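So the sequences go chain by chain: A and B. Positions 1 to 543 (this note's numbering) are the ones given, in order, by the first sequence. Positions 1001 to 1222 (this note's numbering) are the ones given, in order, by the second sequence.
Keep in mind that the hints were calculated from the coordinates and are not lab data. Remember, it's a predicted structure, so these values are computed and weren't measured experimentally. Hints are not guaranteed to be accurate.
Stated by the list, open to error - Distance ranges between label pairs, derived from CB positions: (1) B:A1090 with A:S27: 24 to 30 angstroms; (2) B:G1144 with A:L374: 48 to 54 angstroms; (3) B:A1050 with A:V383: 49 to 55 angstroms; (4) B:L1210 with A:V383: 26 to 32 angstroms; (5) B:H1133 with A:L381: 51 to 57 angstroms; (6) A:V43 with B:H1133: 50 to 56 angstroms; (7) B:I1083 with A:A535: 52 to 58 angstroms.
Said to hold, decoys possible - Facing chain A, a subset of chain B residues (Cβ under 10 angstroms, in silico): (8) P1018; (9) T1028; (10) A1029; (11) L1036; (12) L1043; (13) A1050; (14) A1051; (15) Q1149; (16) C1174; (17) V1180; (18) S1183; (19) L1200; (20) Y1201; (21) H1203.
Unchecked claim - Counterexamples of contact, computed for chain B against chain A with all Cβ distances above 12 angstroms: (22) A1017; (23) D1021; (24) F1213.
By construction, the Cβ of each residue, glycine as well, lies at the ideal position given by its N, Cα and C atoms.
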Amino acid sequence: MNSAVIDVHENIASHESYLSSGWNWRSWLLTLDHKRIGILYVVAITMLFGIGGSAAAMIRLDLLTPHSQLVSIETYNKLFTMHGVIMVWFFLIPSIPATLGNFLVPMMIGARDLAFPRLNLLSWYLFIFGGLFTIYALLAGGVDTGWTFYAPYSTSFSTSHVFAVASGIFIAGFSSILTGLNFIVTIHEMRAPGMTWFRLPLFIWSMYATSLILVLATPVLAMTLMLMGMERTFGIGVFDPGLGGDPLLFQHLFWFYSHPAVYIMIVPAMGVASEIISCFCRNPVFGYRFMAYAILAIAAFGFVVWGHHMFVSGQSAYAGTVFSLLTFLVSVPSAIKVFNWTATLYKAHITFHAPMLYALGFVGLFTIGGLTGLFLASLGLDVQLHDTYFVVAHFHYIMVGAAVMAFFGGIHFWWPKITGRMYPEGWARFCAILTFIGFNLTFFPQFILGYLGMPRRYPDYPPEFQVWNVLSSAGSSLLAFGYVLPLAYLLWSLRYGARAPANPWGATGLEWQTDSPPPSENFHTTPIVTEEAYAYHTESAHG
Amino acid sequence: MPITRNPRMADHAAAFAPQFDDAEQQRTAANLGIWLFLATEILFFGVLFAAYTITRVRFPDAFAAASRLTNLPLAGVNTAVLITSSFSMALAVHAARHGARRALIGWLSLTITLGIAFLCIKGVEYRFDYLEHLVPRLDFRYQGPQADQVELFFYMYFFITGVHALHVLIGVGCIATIAVMASRDDFSPAYYTPVDVTGLYWHLVDVIWLFVFPILYLVSRA
Chain A
1 MNSAVIDVHE NIASHESYLS SGWNWRSWLL TLDHKRIGIL YVVAITMLFG
51 IGGSAAAMIR LDLLTPHSQL VSIETYNKLF TMHGVIMVWF FLIPSIPATL
101 GNFLVPMMIG ARDLAFPRLN LLSWYLFIFG GLFTIYALLA GGVDTGWTFY
151 APYSTSFSTS HVFAVASGIF IAGFSSILTG LNFIVTIHEM RAPGMTWFRL
201 PLFIWSMYAT SLILVLATPV LAMTLMLMGM ERTFGIGVFD PGLGGDPLLF
251 QHLFWFYSHP AVYIMIVPAM GVASEIISCF CRNPVFGYRF MAYAILAIAA
301 FGFVVWGHHM FVSGQSAYAG TVFSLLTFLV SVPSAIKVFN WTATLYKAHI
351 TFHAPMLYAL GFVGLFTIGG LTGLFLASLG LDVQLHDTYF VVAHFHYIMV
401 GAAVMAFFGG IHFWWPKITG RMYPEGWARF CAILTFIGFN LTFFPQFILG
451 YLGMPRRYPD YPPEFQVWNV LSSAGSSLLA FGYVLPLAYL LWSLRYGARA
501 PANPWGATGL EWQTDSPPPS ENFHTTPIVT EEAYAYHTES AHG
Chain B
1001 MPITRNPRMA DHAAAFAPQF DDAEQQRTAA NLGIWLFLAT EILFFGVLFA
1051 AYTITRVRFP DAFAAASRLT NLPLAGVNTA VLITSSFSMA LAVHAARHGA
1101 RRALIGWLSL TITLGIAFLC IKGVEYRFDY LEHLVPRLDF RYQGPQADQV
1151 ELFFYMYFFI TGVHALHVLI GVGCIATIAV MASRDDFSPA YYTPVDVTGL
1201 YWHLVDVIWL FVFPILYLVS RA
């Protein structure tokens, strides 16, 4: 430690926690503390999750009967569009990175804050601003294009509030870009002494890979939405076949972002699961380096598979074949991860606390979601399954099943650290199991519906599909309880939960070596790292 | 909350924000940050270049005909203006590195002037385009084969040059801010990161123009 470090510590040393240092509007809304900004994101995305979830509940309610009775067909279109837009851009993409990532990235690498705290606060405001635009569009009448905004419907035909929603996403995109940039610089430059790249927790590797995708893919979406908006407003013909433009180009550009975006949602979940599984197995993560490389490989492959969304869109057979092959390649690093989580469990002393139940649920749902992805990556099978409920079920297994399970697991796992309070374990275990059952009951029937040929985005269906739809809707009500109950008992625990010790799980990782909740400067003295991540058997097998 | 130390303090050598260990760490962090930001800018413009390329491959004749209608003399002058501004920006960074405050302010002012000159010439060029009925939607009259595709070229022309001009405008604003900071004596050989970072941004805006210029103005003009 050099003299500058000591100097800084003298300047900012305060032995109260980050939560107790000031409690008014200014101290929250103008905070530069990454931990508080993480909490600001939690509050924001919880509200948006409520809106997106309500839209989903309406959809499932309407699908109880073969003929749409609850809402008109136009409203149905707007419901599934709002559900998609809000859940993708305003919940799933910021979910783990902006909340847990914001809180944990500096703590896990032993830093006092992110590299650019003001930029971090600006990211939150951009996110809120973009969210408000979107909510405005929702109140003003909604959008009916689907979250994919395919041209030429979005550019020439839809009469709904496409421009406002696209603007909201455009603005929120800069929040993503700046957060990713902040994380990459922080991980490169701010690691504590001794924290080498291959001592980083896998959560940090996952944040690094996610940030690369955020930084490199989001600008493409931003410009694509801008072109779409300009075409809608001024008639720029880039996507308009009337002037010689190409509607397929919109799909290419859109999926160049939106396929990697799926990895923005799932890669952080992989990081969370690695932390939790290792902790409750008391085992180092099996094949640590392979896990780190697999994360980077998934992020890299993610950029070259977008064409598998367009097998039936008129793309050439050669392009389809290449994209199909590349898509199959993604399964290699994904499978490595599943095998290594399983190997971590092997002969371990497993304890089944709530975060572990969530993490195990994540592994199971991710496996099902990943394997069904191989069906869709096959050129021939995709012709049958494209735009059916099979696709809906597949990506919900990944993005909702796996990613949200991991998000909830992570919230429970780090809750004592974030709030200084323990959550009620019984309720949490109950909710983990309820969510798992409710999720499978909701979405497994949709695989069958899709295989039988029910197309997505239709409010009406033949009566013989009703039994599967009723099962799915019933499951979604269980799922709703699984998502709402934690909100209740976690809020309860803020006041009535037992005080959390610094390291309630006996976990490794720098974040557990400071107070719960941590002081504003995270660590009283800069930590010095002397061992690998996940050194759970330091006395015997550590090397 | 960390107490933010004002990086603008008399003792330049020790000025750094509280999350950093030392001034060197702060400098390398800012550098990595701006390079990442430049990468996002390249992808941002990459969409436009991709859309242009695909459309031009499909309609080579229309794009050649349309390109010949653009105003090459003004765009050529503008290219020279922008390259010169990059040169003066580089000299500004050099002056900052050696603590030459007056030279720094001088070179920054020249860069700002050239940036504004670029925007003015661009405006004059748009005016000529309008007089020649080349502005789609507003006043577009083109008699010839593939008139729709020629119009599509001009849509792209206005969009690409417009987005680029917006970047020039933002750059001028950033450099003006840096010039004000320089006049308040905020920089020293030990701390001139904002000058460096703004310079990198300005060079990128220049480099992007060096791609925009040939694809819009020089198609089949040899």
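Here's how the hints hold up against the structure:
A1090 of chain B and S27 of chain A have their C-beta atoms about 43 angstroms apart, which leaves the hinted 24 to 30 angstroms range violated. A beta carbon spacing of about 52 angstroms between G1144 of chain B and L374 of chain A agrees with the range 48 to 54 angstroms that was offered as a hint. A C-beta distance of roughly 28 angstroms is found between A1050 of chain B and V383 of chain A, which places it outside the suggested range of 49 to 55 angstroms. Separation of L1210 of chain B from V383 of chain A is about 45 angstroms and departs from the stated range, judged on CB atoms against 26 to 32 angstroms.
For H1133 of chain B and L381 of chain A, the hinted distance range of 51 to 57 angstroms is satisfied, since their beta carbons lie about 53 angstroms from each other. Restraint check, V43 of chain A to H1133 of chain B: a C-beta distance of roughly 54 angstroms satisfies the suggested window 50 to 56 angstroms. Roughly 56 angstroms separates the CB atoms of I1083 of chain B and A535 of chain A, a value that falls within the hinted 52 to 58 angstroms. Annotation: P1018 of chain B was flagged as interfacial toward chain A, and the flag holds, the nearest CB pair being 5 angstroms apart, inside 10 angstroms.
About 6 angstroms separates the beta-carbon of T1028 of chain B from the nearest beta-carbon of chain A, less than 10 angstroms, and the hint is met. Satisfaction of the interface hint for A1029 of chain B is found here, the shortest Cβ-Cβ separation to chain A being roughly 4 angstroms, below the 10 angstroms cut-off. Proximity of L1036 of chain B to chain A holds as hinted, the smallest CB-CB distance being about 5 angstroms (cut-off 10 angstroms). The interface hint given for L1043 of chain B holds, since its Cβ lies 4 angstroms from the closest Cβ of chain A, which is under the 10 angstroms cut-off.
A cut of 10 angstroms between beta carbons decides the hint on A1050 of chain B: the least distance to chain A is about 7 angstroms, and the hint holds. Contact between A1051 of chain B and chain A, as hinted, is supported at the beta carbon level, the nearest pair being about 5 angstroms apart and thus within 10 angstroms. Hint on Q1149 of chain B holds. Least Cβ distance to chain A is approximately 4 angstroms, under the 10 angstroms limit. Interface hint at C1174 of chain B: violated, since its Cβ lies 15 angstroms from the closest Cβ of chain A, which is beyond the 10 angstroms cut-off.
The beta carbon of V1180 of chain B comes no nearer than 19 angstroms to any beta carbon in chain A, farther than 10 angstroms, and the hint placing it at the interface is violated. Checking S1183 of chain B against chain A: minimum C-beta separation of about 23 angstroms lies over 10 angstroms; hint violated. Hint status for L1200 of chain B relative to chain A: violated, with the closest Cβ pair at about 14 angstroms, above 10 angstroms. Because the smallest distance between the Cβ of Y1201 of chain B and any Cβ of chain A comes to about 14 angstroms, over 10 angstroms, the interface hint for this residue is violated.
A cut of 10 angstroms between beta carbons decides the hint on H1203 of chain B: the least distance to chain A is about 19 angstroms, and the hint is violated. Some Cβ of chain A comes within 12 angstroms of the Cβ of A1017 of chain B; the nearest lies about 8 angstroms off, and the non-interface call is violated. With 12 angstroms as the threshold on Cβ separation, the claim that D1021 of chain B sits away from chain A is violated: the shortest Cβ distance comes to roughly 5 angstroms. Every CB of chain A lies more than 12 angstroms from the CB of F1213 of chain B, the least distance being 20 angstroms, so the non-interface label holds.
In terms of the numbered hints stated before, the structure departs from hints 1, 3, 4, 16, 17, 18, 19, 20, 21, 22, 23, listed from lowest to highest.
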